[in-house]
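Student: Given the sequences, and given the hints that come with them, work out the whole structure.
Residue numbers (the numbering used here), protein chains in the order written: chain S, 6 to 124; chain X, 109 to 217.
Keep in mind that the hints were calculated from the coordinates and are not lab data.
Don't take each hint at face value.
[Claimed, not checked] With a Cα cut of at most 25 Å, we get these calculated BS3-like pairs of lysine-lysine:
no.: 1; chain 1: X; residue 1: Lys111; chain 2: X; residue 2: Lys177
no.: 2; chain 1: S; residue 1: Lys41; chain 2: S; residue 2: Lys24
no.: 3; chain 1: S; residue 1: Lys41; chain 2: X; residue 2: Lys204
no.: 4; chain 1: X; residue 1: Lys177; chain 2: X; residue 2: Lys204
no.: 5; chain 1: X; residue 1: Lys111; chain 2: S; residue 2: Lys46
no.: 6; chain 1: X; residue 1: Lys160; chain 2: S; residue 2: Lys41
no.: 7; chain 1: S; residue 1: Lys41; chain 2: S; residue 2: Lys23
no.: 8; chain 1: S; residue 1: Lys27; chain 2: S; residue 2: Lys41
no.: 9; chain 1: S; residue 1: Lys57; chain 2: X; residue 2: Lys204
no.: 10; chain 1: X; residue 1: Lys204; chain 2: S; residue 2: Lys45
no.: 11; chain 1: S; residue 1: Lys27; chain 2: S; residue 2: Lys46
no.: 12; chain 1: S; residue 1: Lys41; chain 2: S; residue 2: Lys57
no.: 13; chain 1: X; residue 1: Lys160; chain 2: X; residue 2: Lys177
no.: 14; chain 1: X; residue 1: Lys204; chain 2: S; residue 2: Lys27
no.: 15; chain 1: S; residue 1: Lys23; chain 2: S; residue 2: Lys57
no.: 16; chain 1: X; residue 1: Lys204; chain 2: S; residue 2: Lys46
no.: 17; chain 1: X; residue 1: Lys160; chain 2: X; residue 2: Lys111
no.: 18; chain 1: S; residue 1: Lys24; chain 2: S; residue 2: Lys57
no.: 19; chain 1: S; residue 1: Lys45; chain 2: X; residue 2: Lys111
no.: 20; chain 1: X; residue 1: Lys204; chain 2: X; residue 2: Lys111
no.: 21; chain 1: S; residue 1: Lys57; chain 2: S; residue 2: Lys27
no.: 22; chain 1: X; residue 1: Lys204; chain 2: X; residue 2: Lys160
[Claimed, not checked] Okay, the calculated bits of chain X under chain S, using three or more residues with CB under 8 Å as the criterion:
no.: 23; region: 152 to 165
no.: 24; region: 204 to 213
Here the structure is a predicted model, which is why all the values come from computation and not from measurement.
Note that CB positions come from ideal geometry on N, CA and C, so glycine has one too.
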Amino acid sequence: ETGVTQTPRHLVMGMTNKKSLKCEQHLGHNAMYWYKQSAKKPLELMFVYNFKEQTENNSVPSRFSPECPNSSHLFLHLHTLQPEDSALYLCASSPSLAGGVSSSYNEQFFGPGTRLTVL
Amino acid sequence: DAKTTQPPSMDCAEGRAANLPCNHSTISGNEYVYWYRQIHSQGPQYIIHGLKNNETNEMASLIITEDRKSSTLILPHATLRDTAVYYCIVSPGFQKLVFGTGTRLLVSP
Numbered sequence: 006e007t008g009v010t011q012t013p014r015h016l017v018m019g020m021t022n023k024k025s026l027k028c029e030q031h032l033g034h035n036a037m038y039w040y041k042q043s044a045k046k047p048l049e050l051m052f053v054y055n056f057k058e059q060t061e062n063n064s065v066p067s068r069f070s071p072e073c074p075n076s077s078h079l080f081l082h083l084h085t086l087q088p089e090d091s092a093l094y095l096c097a098s099s100p101s102l103a104g105g106v107s108s109s110y111n112e113q114f115f116g117p118g119t120r121l122t123v124l
Numbered sequence: 109d110a111k112t113t114q115p116p117s118m119d120c121a122e123g124r125a126a127n128l129p130c131n132h133s134t135i136s137g138n139e140y141v142y143w144y145r146q147i148h149s150q151g152p153q154y155i156i157h158g159l160k161n162n163e164t165n166e167m168a169s170l171i172i173t174e175d176r177k178s179s180t181l182i183l184p185h186a187t188l189r190d191t192a193v194y195y196c197i198v199s200p201g202f203q204k205l206v207f208g209t210g211t212r213l214l215v216s217p
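Tutor: Written out as structure tokens, the structure is:
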């Protein structure tokens, strides 16, 4: 247990469906992240939120829509996905990206991921 | 972020030390060396990080060369549960992590 939970753990959806992935952290962190890991590819950073504000969008298609209502919760809303979007979606959290040179900002705690299959 | 170079795969016998190398010849003075690992079908797990000095925690030791152009992660007594992909990442402490392809470590009985 890392203190970061993700639901659902597995999701199968059609290309016309709308679904949401949920991430919750119980670590008191203020930075949260979404990553995508496709088969046999490195993790790709998708979005970064710091104190509920989005600070990074790594050229992610608009069919992925993140939401961060508070520092403990992060959602990824999915709509009209493509089969190539099938992947493991990972959420992570870390102490806030408040600037400075603290190395602990990159001690990220990952959830177990949601395995998404788009038919 | 500075690039890192790691061997794609390594083998280790159970109970022996696993020494995983990483080259980061273009590392900047303000960049830390981070190590993460990812066990199959799980999220990555933070292991250790360092700047200049060698570091040790309950999971591993990190040896950084004096010129900081390379480092070695040491698992002193590898177990079967240490089989994973190990990622070496260099980054300033306040910027995003960029994961590469890592080293796939296989620990065998």
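Student: Does each hint hold? Answer for all of them.
Tutor: Now the hints, each set against the structure:
1. X:Lys111 / X:Lys177: holds (11 Å)
2. S:Lys41 / S:Lys24: holds (16 Å)
3. S:Lys41 / X:Lys204: holds (14 Å)
4. X:Lys177 / X:Lys204: holds (21 Å)
5. X:Lys111 / S:Lys46: At roughly 17 Å apart (the allowed maximum being 25 Å), Lys46 of chain S and Lys111 of chain X satisfy the hint.
6. X:Lys160 / S:Lys41: Violated, because 31 Å separates the two Cα atoms, which is more than 25 Å.
7. S:Lys41 / S:Lys23: Roughly 18 Å between the alpha carbons, so the hint for Lys41 of chain S and Lys23 of chain S holds.
8. S:Lys27 / S:Lys41: Answer holds: Lys27 of chain S to Lys41 of chain S is near 14 Å, not above 25 Å.
9. S:Lys57 / X:Lys204: Distance ~16 Å between Lys57 of chain S and Lys204 of chain X Cα, so the pair holds.
10. X:Lys204 / S:Lys45: Satisfied, since the Cα-Cα distance of roughly 21 Å is no more than 25 Å.
11. S:Lys27 / S:Lys46: holds (23 Å)
12. S:Lys41 / S:Lys57: holds (20 Å)
13. X:Lys160 / X:Lys177: holds (10 Å)
14. X:Lys204 / S:Lys27: holds (21 Å)
15. S:Lys23 / S:Lys57: holds (23 Å)
16. X:Lys204 / S:Lys46: holds (18 Å)
17. X:Lys160 / X:Lys111: Distance of about 18 Å is within 25 Å: holds.
18. S:Lys24 / S:Lys57: Holds: Lys24 of chain S and Lys57 of chain S sit about 21 Å apart, inside 25 Å.
19. S:Lys45 / X:Lys111: At roughly 19 Å apart (the allowed maximum being 25 Å), Lys111 of chain X and Lys45 of chain S satisfy the hint.
20. X:Lys204 / X:Lys111: Roughly 14 Å between the alpha carbons, so the hint for Lys204 of chain X and Lys111 of chain X holds.
21. S:Lys57 / S:Lys27: holds (15 Å)
22. X:Lys204 / X:Lys160: holds (20 Å)
23. 152 to 165: holds (count 5)
24. 204 to 213: Held - the region 204 to 213 of chain X has 7 residues with a Cβ nearer than 8 Å to chain S, which meets the minimum of three.
When the structure is compared with the earlier hints, a violation turns up for hint 6 alone.
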